[in-house]
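**Q** The residues making up each chain are set out below.
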Amino acid sequence: MVRQVVFTLIFMVTIIDGQGLSLRAQSATSSDSPRQIIVRVDGASCPFCAFGLEKRLRQIKGVNDVKLEMKEGKVTVTIEKGATVSEQALRKAVDEAGFTPREIIFPPSG
Amino acid sequence: MWIKISLVALAWTMALVAGPRKSEAGPITFNSALPVAKGEFILRGQAVLNRSTDDSSSMNRDLRVLTVPTVVAYGATRNLALLGIVPYLDKTLDSTTSSGRVRRGDSGLGDSSFLARYTLLSIDRLGDTRRFAPFVGLKVPTGDDNERDNLGSLPQPLQLGSGSWDPIVGTSFTWQTFDWEFDSAVQYRFNTRANNFEFGDQARFDMSFQYRIWPRTLGSGVPAFFYGVLESNLIYAGKNEVGGITNQNTGGTTWFLAPGIQYVTRRIVLEAIVQLPVVQDLNGTALENDYSVRGGFRVNF
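Sequence order for the protein chains is F and Z.
For the first sequence, this note's numbering gives the first residue as 269, with consecutive numbering after it.
For the second sequence, this note's numbering gives the first residue as 1008, with consecutive numbering after it.
Keep in mind that the hints were calculated from the coordinates and are not lab data.
Heads up, a few of these hints could be off.
[Stated by the list, open to error] Ranges of calculated distance between the beta carbons of each label pair, as one might list FRET restraints:
(1) L1089(Z) x Q327(F): 14 to 24 Å
(2) E340(F) x G1235(Z): 53 to 63 Å
(3) R359(F) x S1114(Z): 47 to 57 Å
(4) R370(F) x N1153(Z): 51 to 61 Å
(5) Y1218(Z) x R370(F): 35 to 45 Å
(6) G350(F) x Y1270(Z): 35 to 45 Å
(7) L1128(Z) x K329(F): 27 to 37 Å
(8) E340(F) x I1268(Z): 23 to 33 Å
(9) T346(F) x L1283(Z): 31 to 41 Å
(10) K329(F) x G1235(Z): 36 to 46 Å
For glycine and all other residues, C-beta sits at the position ideal for the given N, C-alpha and C.
Next comes chain Z alone, as it looks inside the complex:
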């Protein structure tokens, strides 16, 4: 049982870290408030690898989760952007049991999310824009949530979907200049019950600073940029409930620092970042995250 408990806490943390993000240029690991032009589409793809091997128990667990989210953003109006996010997941857990080394896992479509973001405030100057944009959304259960293998039903964290419909609210702020960009966002997800299981609610506070490292002097036209990126992700997860009973060994707080790099042109963005856990204050016996590596692209259509 305790392995399931640990997995729940870990997988929830991973879902928060690896969750699909929005599509404008800006931060790599969370939402910005930058515009999507009316009637235009942006496609974003990422590959996110989470690894967790720091297991103090005799089970010597090794958990790998590859997430490949595809995001489409559409500018419905000047201020309203609509986003659809569909992830492909590949989860693998190796652990030592009484019958030897065992591998469990699954791969396929995960739960999708749909978001609507509205720009409430924008202040534009030459080479300077500041934007404030709240958003609401819903995570829908498009991933399988009742998968089995030859050992029986997979633990909830190894399932591709939660089975639940979970509302999302948040807000983002962006201050962008020619030389640098600062972004900040807060988000809260109200997780609901499914399959007699309810993940704890989750909250996150993110910040990102991007600094143009090339070209040093801004040239004519619309030059391509290289940004150096440093991001911070403070993530809190509440305790889960199984059969209506709170599980004291789940949830907790994790703080990641993430250095990265971005190459930005008018049509594409290429980006890569490594999220390193600085603080992991998890409840009970949870398997802690080692790192998360993320690479991806964005395309304007």
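Extracted from the complex, chain F is given alone in its bound form:
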């Protein structure tokens, strides 16, 4: 019985994690003429906790991709061509993920 439980758990984890990788790949390839915003975040210090941060930022309307450099506490937010993302929305997303937003650097306009 223990063996059955362990195999079932491994099977579920393999499937679920595979789906996540697939979704991330699709998101990353749909960018067109990307514009990038840098968000400095404090407190994100383990991979599992970082997922919630990335997901909250990705849910902002106009955000095309999110990449976290955990070591630097730096999130690169790629926004769709012509879309606008406010500083307030970015700060709120980081806060609701349970972390502390710091400096936010927008790309030069034009």
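Mind docking chain Z on chain F? Use the hints.
**A** Just chain Z, lined up with the frame of chain F:
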């Protein structure tokens, strides 16, 4: 009668050791204070096997309890996390009686627990977070508590549920860095009466230290981590009451040390740990715990 007394003390200890735990990355055997993002779900599954064979009596008891808790955590707000915990249980007791070797036990849904945890304090820096989060909860009697077999009604510890509604209070502290994490928690459960039986209250003090053993140097992006884990569980159980009379042969204190390992990615955690009893200062004639083995996973949705 004395076998029932011993079983009560043992099963209570097992319930404490095997109890379902919360869902963020962090310690394996107890609660952390790490965040659950607002509106997000985390699913956790575990399989916990407890074995007790150290019986000095002629009954040569062999008790096995498999617990498979399923935990769902939900981030209601930035600071408030809600958790629901539903365990599947499989209990088996072999013992020698006057009529020979006898096997008793049961399997099915156990008692569920619901917890609310609020982050009162969080201090974030680059690669460093410290959090303090009290929690309250309630264990509800979703497991059968009046099961019978061909020998009659099962002893209370072999039942799947206690039949009682038991409040839980506690607090957790986490200090997490890129390289290591320290967690500590205290918890108290006020056990109430059901079926003319009341388990003694229980208190526990837990600590966990996790150290990143791979990769040795932190790379770019969000790399996966392997943690080496060492945990300590100090557990106290009060004496039970049967029919309003305190049973002097129940309850006691147990201290476990638990080495383990964790593999942590952004979406999943895989973990395994062995809890070894270092000190078992139990009252009366209780069957002592041999070990507890725990393996599981957590998934971000």
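**Q** Looking only at beta-carbon atoms, does the pair T346(F), L1283(Z) fall within the given range of 31 to 41 Å?
**A** At 49 Å between Cβs, range violated.
**Q** Within 35 to 45 Å: is that where the Cβ-Cβ distance between Y1218(Z) and R370(F) falls?
**A** violated, 27 Å
**Q** Taking 14 to 24 Å as the stated bounds, is the beta-carbon spacing between L1089(Z) and Q327(F) within them?
**A** Cβ of L1089(Z) to Cβ of Q327(F): about 20 Å, so the range 14 to 24 Å holds.
**Q** So the hint says 23 to 33 Å: do the beta-carbon atoms of E340(F) and I1268(Z) match that?
**A** holds, 28 Å
**Q** Indicate whether the distance between the beta carbons of E340(F) and G1235(Z) respects the range 53 to 63 Å.
**A** Violated: the Cβ-Cβ distance is about 25 Å, outside 53 to 63 Å.
**Q** Between R359(F) and S1114(Z), does the beta-carbon spacing fit 47 to 57 Å?
**A** Cβ of R359(F) to Cβ of S1114(Z): about 50 Å, so the range 47 to 57 Å holds.
**Q** Determine whether the Cβ-Cβ distance between L1128(Z) and K329(F) falls within the hinted range of 27 to 37 Å.
**A** holds, 32 Å
**Q** Does the Cβ distance between K329(F) and G1235(Z) fall inside 36 to 46 Å?
**A** Hint holds: Cβ distance 42 Å, inside 36 to 46 Å.
**Q** For G350(F) and Y1270(Z), compare the CB-CB distance with the range 35 to 45 Å and indicate the outcome.
**A** holds, 41 Å
**Q** Does the Cβ distance between R370(F) and N1153(Z) fall inside 51 to 61 Å?
**A** Distance hint for R370(F), N1153(Z) holds at roughly 58 Å.
In the structure shown, a violation is registered for the earlier hints numbered 2, 5, 9, in ascending order.
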